[in-house]
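Undergrad: What follows is the residue order along each chain.
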Amino acid sequence: MNNDILIQVKNLTKHFPITRGAIIQRQVGAVQAVDKVTFTIRKGETLGLVGESGCGKTTTGRTILQLYRPTAGEVFFRGIELAKLKGKQLRRARRNMQMVFQDPYASLNPRMNIGNIIAEPLEVHKIGDRQERRERVQELLRLVGLSPHFLTRYPHEFSGGQRQRVGIARALALQPEFIVLDEPISALDVSIQAQVVNLLAQLQQTFGLTYLFIAHDLSMVRHISDRTAVMYLGKIIELATRNELYGHPLHPYTQALLSAVPIPDPIRERKRQRIILEGDVPSPANPPRGCRFRPRCPSIQDLCKQKDPEWREVAADHWVACALYN
Amino acid sequence: MAQRVLEVNNLVTCFKTNEGTVHAVNGISFYVEEGETLGIVGESGCGKSVSMLSVLNLLPQPPANVSADSIRFQDTELTKASKGEMRNIRGSKIAMIFQDPLTSLNPVLTMGFQIMEPLRLHLGMSEEEARNRAGELLHLVGIPEPHDRLSDYPHQFSGGMRQRAMIAMALTCNPPLVIADEPTTALDVTIQAQIVDLVKRLRDKFGMSLIWITHDLGVVAGLADRVNVMYAGFVVETAPINDVYMVPRHPYTAALLRSLPRIDGSQEEQLESIDGMPPELLELPPGCPFAPRCAFTKDICRQQNPHLKEINPEHWIACWVDITTGKVR
Ligand SMILES: Nc1ncnc2c1ncn2[C@@H]1O[C@H](COP(=O)(O)OP(=O)(O)O)[C@@H](O)[C@H]1O
Ligand SMILES: Nc1ncnc2c1ncn2[C@@H]1O[C@H](COP(=O)(O)OP(=O)(O)O)[C@@H](O)[C@H]1O
Ligand SMILES: [Mg+2]
Ligand SMILES: [Mg+2]
Numbered sequence: 001m002n003n004d005i006l007i008q009v010k011n012l013t014k015h016f017p018i019t020r021g022a023i024i025q026r027q028v029g030a031v032q033a034v035d036k037v038t039f040t041i042r043k044g045e046t047l048g049l050v051g052e053s054g055c056g057k058t059t060t061g062r063t064i065l066q067l068y069r070p071t072a073g074e075v076f077f078r079g080i081e082l083a084k085l086k087g088k089q090l091r092r093a094r095r096n097m098q099m100v101f102q103d104p105y106a107s108l109n110p111r112m113n114i115g116n117i118i119a120e121p122l123e124v125h126k127i128g129d130r131q132e133r134r135e136r137v138q139e140l141l142r143l144v145g146l147s148p149h150f151l152t153r154y155p156h157e158f159s160g161g162q163r164q165r166v167g168i169a170r171a172l173a174l175q176p177e178f179i180v181l182d183e184p185i186s187a188l189d190v191s192i193q194a195q196v197v198n199l200l201a202q203l204q205q206t207f208g209l210t211y212l213f214i215a216h217d218l219s220m221v222r223h224i225s226d227r228t229a230v231m232y233l234g235k236i237i238e239l240a241t242r243n244e245l246y247g248h249p250l251h252p253y254t255q256a257l258l259s260a261v262p263i264p265d266p267i268r269e270r271k272r273q274r275i276i277l278e279g280d281v282p283s284p285a286n287p288p289r290g291c292r293f294r295p296r297c298p299s300i301q302d303l304c305k306q307k308d309p310e311w312r313e314v315a316a317d318h319w320v321a322c323a324l325y326n
Numbered sequence: 327m328a329q330r331v332l333e334v335n336n337l338v339t340c341f342k343t344n345e346g347t348v349h350a351v352n353g354i355s356f357y358v359e360e361g362e363t364l365g366i367v368g369e370s371g372c373g374k375s376v377s378m379l380s381v382l383n384l385l386p387q388p389p390a391n392v393s394a395d396s397i398r399f400q401d402t403e404l405t406k407a408s409k410g411e412m413r414n415i416r417g418s419k420i421a422m423i424f425q426d427p428l429t430s431l432n433p434v435l436t437m438g439f440q441i442m443e444p445l446r447l448h449l450g451m452s453e454e455e456a457r458n459r460a461g462e463l464l465h466l467v468g469i470p471e472p473h474d475r476l477s478d479y480p481h482q483f484s485g486g487m488r489q490r491a492m493i494a495m496a497l498t499c500n501p502p503l504v505i506a507d508e509p510t511t512a513l514d515v516t517i518q519a520q521i522v523d524l525v526k527r528l529r530d531k532f533g534m535s536l537i538w539i540t541h542d543l544g545v546v547a548g549l550a551d552r553v554n555v556m557y558a559g560f561v562v563e564t565a566p567i568n569d570v571y572m573v574p575r576h577p578y579t580a581a582l583l584r585s586l587p588r589i590d591g592s593q594e595e596q597l598e599s600i601d602g603m604p605p606e607l608l609e610l611p612p613g614c615p616f617a618p619r620c621a622f623t624k625d626i627c628r629q630q631n632p633h634l635k636e637i638n639p640e641h642w643i644a645c646w647v648d649i650t651t652g653k654v655r
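So the sequence lines, in the order shown, correspond to chains G and S. Per the working numbering, the very first residue in the first sequence carries number 1; after that it's consecutive. Per the working numbering, the very first residue in the second sequence carries number 327; after that it's consecutive.
In isolation and in its complexed conformation, chain G is listed as follows (with noise of 0.2 Å):
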C-alpha cells in the first residue's frame, strides 16, 4: 500500500428532503443521512465503513459514487472534484467507480441472463464488439469462480453466493479503479461469507484495486480492511488505522461498538466487560445538537451540547471527533 490519495472526500453532506403535500409540495425538513464527512481513500486500501443501520454508510457511498447529488461538500478522484466533471470526462470517471450492491436478490434484473448482466457496463460504455464482450464475459465469470457456461442462465437459478459472484463480476467488468462494496456479504451464509471475502481480498491483490467496503459486521471489517471509519448518525465520528481502531478505540460510541460484538469464543466470551449502551439511535431527521451521540455517551461533558466536536488527527491517521480529545 502507499500513501497516493485516490478519493478525497471534504465535508460531503446530503440531506434527503422531507416533503408534505399531495400537489404543492412543501419541504417540512430534512433527513440528515450524511452531514459533513471528511475523509480520504488511498490507492490500493481497503477503507472499512462500519456503523449500525440508518447511519449513512449507503448514502456516503452513492454520494461518493455521484449516484446522489452531495447537498453540500466536494469529492475528488484523483485530485479532480467529481462534480465539476461533465460529458465524456464524466462518463471515463464513472467507468473508473463502481459499486457492488448489498441485496444479491434485488440487485441483479431478474429477465436478464447472467451474460447480459455482466455486459450492460460494457454495452453502455459501447466496449467491444458482440464476440468480444461474450469473451470478456466469460473471463469475467472465471475471475470471480464461477463456470462460464453459467452465461445463459438466469438469477434465479443461484444462490445468494453465486449472485453476489455475478454482481462482484459486473462491477469489474470496466476494469475499474475503485469499488464500493456496500455490504456485500451480510445477506450470504457463514460458510458462504469467507468464500466471497477471500474472492474480493484476491481481486484486490490481481488489479490493485480500492475498496471502500461497507459493512456492519465489525469482525469482518477487521479483518479485511487497512483503514477503518465508524459512523454514527450521519457523521463519521473515528477513522484510524486496523490495529489502532481495534485495539486502541478512542470514542466513547467506538468503543461501545466494539465491546457489543460477540467473540465466537466461550472463554473470551465470560471474560468480557460489555458497555451496554441505553436507549435506541435518535432519527436523523432531527439529530441532537451537539454531539450527535450525547444521549447516549457514558462520558458526556458541558461541551458536548454546545457545539460539534472538532474532527481532528489525534495522532498519526489517527482521527477522531470528541470532546474528549478536542
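None of these hints come from the bench; they were simulated from the model. Keep in mind it's a predicted model, so treat the numbers as computed, not measured. Take the hints with a grain of salt, since some may be wrong.
To be verified - Result set (BS3-like, lysine-lysine): computed pairs, CA atoms no more than 30 Å apart in a straight line: (1) S/Lys409 x G/Lys271; (2) S/Lys635 x S/Lys653; (3) S/Lys526 x G/Lys271; (4) G/Lys305 x G/Lys36.
To be verified - Some residues of chain G that are not near chain S, with every Cβ distance over 10 Å (derived): (5) Gly161; (6) Thr241; (7) Pro264.
Don't be surprised by glycine CBs; every beta carbon is placed ideally from N, CA and C.
We have chain G already, so just place chain S with the ligands on it with the hints.
TA: Quick look at chain S with the ligands alone, frame taken from chain G:
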C-alpha cells in the same frame, strides 16, 4: 443428574411441495435440562425454526408432516397431547420469542392490551392487576416510562423496544422454558448486546431453561451451556459449550469456526472457506449431507449417513472420520 424439561426423540419433519418433498428435519434428538441454556446453531435453512415449530405443534399439517418417537415436556407427552393441552402449554409453559416481533404482535392493538391479555386469560388477573403487572414487566425489561408506553401501538416502539416487549410477554407467566428463535438477528449490535444482557439477567433471576437459536456463533458462545450444531436437518455435533468451540470434532463445525473473523484479532490469517453450498433438501445425498463439501470425505461418507456417536463424555458427533487423525474411526 438434572431433570430434563424437554426431551425430543427422533423428530422428522418434511413438507410436501409441488417440486417434491422437502426434508427439513431428519430424525433429530435433543434435550434441555432444568435451568440450562441450549444453543442451536446452523446456517439458514438447516431446520432450526422448523424443528422448534414442530415441537410446539405450530406447523399446519399438511403441507407439513411431523413425526417423532416422543416429545416429552415435563410430565406431558406432547405427541399425544390434545389441542387444548398444547394451547395451554404454549400459553403458559413454553414461551417463544421470534426474530421479528412485528409478525407476532397485532398492529391494531395497543402494547398494553397485548401484554395484559395473557395475564387475564392464563393467570386470571383483573383489568387493574393486569395493567399494573404489564407496567412492571415493561419496567423489568428496561423500557422507560413503562406505564405510559402501555397505550402505544407496536409501530411506535423501536425494533429493540419491541423485542424487549416480546421478552416481557414471554415472561408473563413465568414459563419453565423459553425458546428464542434468532431474537437479535434483525437488531444492530449495540441493541443485540442490550437484549442478550437482559435475557441473561432474567434467566439467572427466574432460573428458566432457554433454547437460543441463531446462526451467529458469537452470540451463543457467551450464552449457552451446551450447543447443537445443525446441518441440512441433522444435528451433526452436540457438546458442552467449551468443547464445541475449543475442540470441535465434526468437520463442519471445525471449518465453520475457522471461517469466522474475530473482533479481537485472535484469528488473523486467511479465512478458511467451505467450498460449495448446503445440499438441496429435496434430494438429500444418500451418505453424510456434508460429504460433498468436507475436507475429510472417505468412501463410506458418500454411502452411509453416520449416526450421532459419543466420542468423549457428553460430546457427540455424526461423522465417520476422526479429524484429529484423518482416518475412519
Ligand atoms: N433515498 C432516500 N430518501 C430519503 N431518506 C433516505 C434515502 N436513503 C436513505 N435515507 C435515510 O438516510 C439515513 C441513512 O440511510 P443509509 O445511508 O441507507 O444508512 P445505512 O446504509 O448506514 O444503513 C436513514 O435514515 C435512511 O432512512
Ligand atoms: N412451509 C414450508 N414449505 C416448504 N418448505 C419449508 C416450509 N417451511 C420451511 N421449509 C424449508 O425447511 C427448511 C428448514 O427451514 P427452517 O427451519 O426455517 O430453517 P432455519 O434453520 O433457517 O430456521 C428450509 O429448507 C425451508 O425452505
Ligand atoms: Mg446500507
Ligand atoms: Mg429460522
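Undergrad: Take the hints in turn and mark each one as holding or not.
TA: So, going through the hints one by one against the coordinates:
{"no.": "1", "hint": "S/Lys409 x G/Lys271", "verdict": "violated, 45 Å"}
{"no.": "2", "hint": "S/Lys635 x S/Lys653", "verdict": "holds, 16 Å"}
{"no.": "3", "hint": "S/Lys526 x G/Lys271", "verdict": "holds, 15 Å"}
{"no.": "4", "hint": "G/Lys305 x G/Lys36", "verdict": "holds, 18 Å"}
{"no.": "5", "hint": "Gly161", "verdict": "violated, 7 Å"}
{"no.": "6", "hint": "Thr241", "verdict": "holds, 13 Å"}
{"no.": "7", "hint": "Pro264", "verdict": "violated, 4 Å"}
Checked against the numbered hints given earlier, the structure breaks hints 1, 5, 7 and satisfies all the rest.
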